[in-house]
Amino acid sequence: MTRKRLLWVVALGLAVLLSAIGVVHAKYSSRSYFVELQQLRLQQDRLDEQWGRLQLEQSTWATQHRVERIARKRLEMHLPLAAEIVVIEP
Numbered sequence: 001m002t003r004k005r006l007l008w009v010v011a012l013g014l015a016v017l018l019s020a021i022g023v024v025h026a027k028y029s030s031r032s033y034f035v036e037l038q039q040l041r042l043q044q045d046r047l048d049e050q051w052g053r054l055q056l057e058q059s060t061w062a063t064q065h066r067v068e069r070i071a072r073k074r075l076e077m078h079l080p081l082a083a084e085i086v087v088i089e090p
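For the sequence shown, the working numbering gives the first residue as 1, with consecutive numbering after it.
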């Protein structure tokens, strides 16, 4: 085998080796990103569930009947009498 041909074989072998290393690295990165994606999807599902519970809780705490009951009991608020109402016109 001539020296030039040997140099080509070594260069091509090195190129194949580097290409194989690149494929392995790409595959590893792909798997790592897939695992991270799955974890983020699980986290998103948990956060969506929590968001739904919080919305339900907020709607429970903010019902008109509950707010009015607390205003009457704790703050001793009441509807004003007709004599207590003042109308301001522009």
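Keep in mind that the hints are not guaranteed to be accurate.
Unchecked claim - If you anchor each label on the Cβ, the simulated ranges turn out as follows:
| no. | residue 1 | residue 2 | range |
| --- | --- | --- | --- |
| 1 | G52 | S29 | 31 to 41 angstroms |
| 2 | V23 | W61 | 48 to 58 angstroms |
| 3 | W61 | I88 | 50 to 60 angstroms |
| 4 | L47 | E68 | 47 to 57 angstroms |
| 5 | Q43 | I21 | 31 to 41 angstroms |
Claimed, not checked - Simulated pairs of lysine to any residue, SDA-like, Cα-Cα distance not exceeding 20 angstroms:
| no. | residue 1 | residue 2 |
| --- | --- | --- |
| 6 | K73 | A83 |
| 7 | K4 | A15 |
| 8 | K27 | Q44 |
| 9 | K27 | L37 |
| 10 | K73 | A62 |
Please keep in mind that the hints were generated in silico from the structure rather than gathered at the bench.
Ideal Cβ placement from N, Cα and C applies to all residues, glycine included.
Hint-by-hint comparison with the structure:
1. G52 with S29: 31 to 41 angstroms: 35 angstroms, holds
2. V23 with W61: 48 to 58 angstroms: This hint holds: roughly 56 angstroms between Cβ atoms.
3. W61 with I88: 50 to 60 angstroms: 33 angstroms, violated
4. L47 with E68: 47 to 57 angstroms: 33 angstroms, violated
5. Q43 with I21: 31 to 41 angstroms: This hint holds: roughly 33 angstroms between Cβ atoms.
6. K73 with A83: 23 angstroms, violated
7. K4 with A15: 16 angstroms, holds
8. K27 with Q44: 25 angstroms, violated
9. K27 with L37: Judged against 20 angstroms, a Cα distance of about 15 angstroms means the pair holds.
10. K73 with A62: 16 angstroms, holds
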